[in-house]
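Respectively, the protein sequence lines represent chains A, B and C.
Remember, our numbering sits 31 above the position in the first sequence when you count from 1.
Remember, our numbering sits 680 above the position in the second sequence when you count from 1.
Remember, our numbering sits 1041 above the position in the third sequence when you count from 1.
Be aware that a few hints might be false.
Unchecked claim - Taking CB as the label site, the calculated pair distances span:
id	chain 1	residue 1	chain 2	residue 2	range
1	A	Arg134	B	Glu798	23 to 33 angstroms
2	A	Asp39	B	Ser822	42 to 52 angstroms
3	A	Thr87	B	Arg899	40 to 50 angstroms
4	B	Gly850	C	Glu1208	40 to 50 angstroms
5	B	Trp690	C	Trp1212	44 to 54 angstroms
Keep in mind the hints are simulated off the structure, nothing from the lab.
For glycine and all other residues, C-beta sits at the position ideal for the given N, C-alpha and C.
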Amino acid sequence: MLPLILEDVSFVVGGRAIIDRISCDLAAGPRTVILGPNGSGKSVLMRLCHGLLTPTSGRIVWGGNVDDGRPRAQAMVFQRPVMLRRSALANVTYGLALAGVPRAKRERRAREVLDAVGLMQVAARPARVLSGGEQQKLALARAWALEPEVLFLDEPTANLDPGATREVERIVDEIHASGTKIVMSTHNLGQARRLADEILFMSGGRLADHAPVEQFFAEPSTGEAASFIKGELPWS
Amino acid sequence: MIFAADGTLWGIVLLSLRVTVTAVAVATVVGLPLGAALAIRRFAGRHVLLVTLNALMGLPPVVVGLVVYLLLSRAGPLGELGLLFTPTAMVIAQAILVTPIIAGLSRQVLEDAWHEYEEQLRSLGATPTAAAATLLWDTRYSLVTVVLAGFGRAAAEVGAVIIVGGNIEGVTRVMTTAISLETSKGDLPLALGLGLILVAVVFLINAAAQVIKTAAVRRYG
Amino acid sequence: MELRTKFARLAYLMLALACAPSALAQRFITVASTTSTEQSGLFKHLLPAFEQKTGIEVRIVALGTGQALDLARRGDADVVFVHAKSAEEEFLREGQGVRRFPVMYNDFVIVGPKADPAGIVHGADAPEALRKIKNASAAFVSRGDRSGTHIAEVNLWTAAGIDIAKEKGPWYRETGQGMGPALNTASSMNAYLLSDRATWLAFSNRGELAVLVEGDKRLLNQYGVMLVNPEKHPNVKRADGQAFIDWLVSPEGQAAIAAYKIEGEQLFFPNAGEPGA
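Could you put together the complete structure from these sequences and hints?
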């Protein structure tokens, strides 16, 4: 399925190019972090890659095939977790059921991931009464249970306190270690430094920079990137 | 006064419940999936359909009764079925009356839920049918209220059942038509008494639903 | 019709077919009669005897005379039992009925407020009483619904030389409802009203109303029963319907009619077989 190739992708709404002619390759392996200020189009780009939105022009190609339907083995974790009105465990098995995993295997796999993210004690509790951090970990567990080839994360820690943020980052690392490609967006420089292998820097809907993480922070190739790293990029 | 008519009174109350509960059950089976489909799918003419549905929520019962009567009359297209002046005809009329209410109100509930759930469900690969089923289950508490609204409408109406049922004693006489009859006979105390019983029955059903809801919320959140 | 609605209607039909058998298991006939007859309580008294004897359940659909005849014209009844001879004879002329049998009569009374602003009390001339009501512009409630009572009322106005359709004023209130609701309205307005005696006797919300004029021969109200024509409506239950008619005009049925009393007063006077009735 990977690499994921974007060819001159644009997303225009009401005359405004929210994504403006972006071309890039996302290969299996490196943890990709999409970095940029608020309003730069990170969320929209993630949704285009995941298939929730369709580009108004350009192509998104998985593994060499033309994209005529969403490929499987992808999952996404959103900034605000959406949980169903049922137990934490049931939320995870729900995703597995949708993916066609046989009933016997579902619960076993669900408990596996809940254990891995540290939510076993609350497995039977209604998911919607869990704290924000717990729900986000649950969302990660739900995605991880599907053993996706690619995991998209859209600013997953933007609403979490530092403790929960650290836990989420640890889990993302483990998911990567288990063989999943990570594509994550953030506006937090420290987080990008901690988690990324490569950086896609976005500004005003365009891809302003695409470089390995060390290189990006040491020698940003654009003025905007440099300003952003120094914390000077104005609100768009 | 009421207690003297005990056997008949029970019969009337049970028939009222039988007719209304059956009608609401049919309306729910048809209306909920319809509401879900309208909430999730986008298609040409959707706005027209929504406006029509909302308007149909206010269908006058007596108009529904008249239309169903014309359909079921021997002189009408479905006369062969011999359904006029039977409880079945009353169920049909009330089901037609209540379906738009359940479809319209559930559509609103489900659309609000869809705004919240859409991205996540699509991300997990849910087909529209699977998504609809999930939404229906997740909004079940609000949907109970929707169904109760439909029940209330059916239990209260007299215009439809009196035309298609004929208010035949022992066969199609229900609480509302009995109240109507006693009022026109001038026996107002009896009519009022029957009215209080009807209100009490509806109240009890709503109370029971609330108890079930509270217990479920405690269990499932 | 939109596809979903078609499907829904089909679902209802299938449900109906599933439910129908229970309704058909019981042997019954459908008799279209009038609200005033039903509200007098006659059927409650009369029908059990017939049902016990024959095992045929009699289902009464009570409407105004005009509506009852229209119901029969659509084939939705097996027998009609109303009290408007001219309308019944028209029904026969249309070929909708087989034959008319007179069954019984009761009478109409003119009721009104005890205060009697038009001064008609103790009168024995019904049309004259109506003329006085009109001249006094006293409130008068009419059925206005093509019922037997309404037709009788219009005939009385005509007998008084008044074309009520043209000459009515704000004092003349047409309710378009059954006898009971009309009495309710008259009671709350303290108005005059033409009512059949049976409904009046069974009516309990009288307020200030009382019987002011009665006994005039022109106030007699004749009932007739007819079998709906099976040639026109094949679904009509000919044998059972005729059995009911035969019983009504039989000595047994006629005696049962005479036996019905409210507060010791006989309401209906059997006269089957009376020539010209």
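Outcome of the hint check:
1. Arg134(A) x Glu798(B): 23 to 33 angstroms: Given range 23 to 33 angstroms: holds, Cβ gap about 27 angstroms.
2. Asp39(A) x Ser822(B): 42 to 52 angstroms: With Cβ atoms ~45 angstroms apart, the hint holds.
3. Thr87(A) x Arg899(B): 40 to 50 angstroms: Cβ of Thr87(A) to Cβ of Arg899(B): about 46 angstroms, so the range 40 to 50 angstroms holds.
4. Gly850(B) x Glu1208(C): 40 to 50 angstroms: Holds, since Gly850(B) and Glu1208(C) (Cβ atoms, about 45 angstroms apart) stay within the stated range.
5. Trp690(B) x Trp1212(C): 44 to 54 angstroms: For Trp690(B) and Trp1212(C) the Cβ distance comes to about 46 angstroms; the hint holds.
When the structure is compared with the earlier hints, no violation turns up for any of them.
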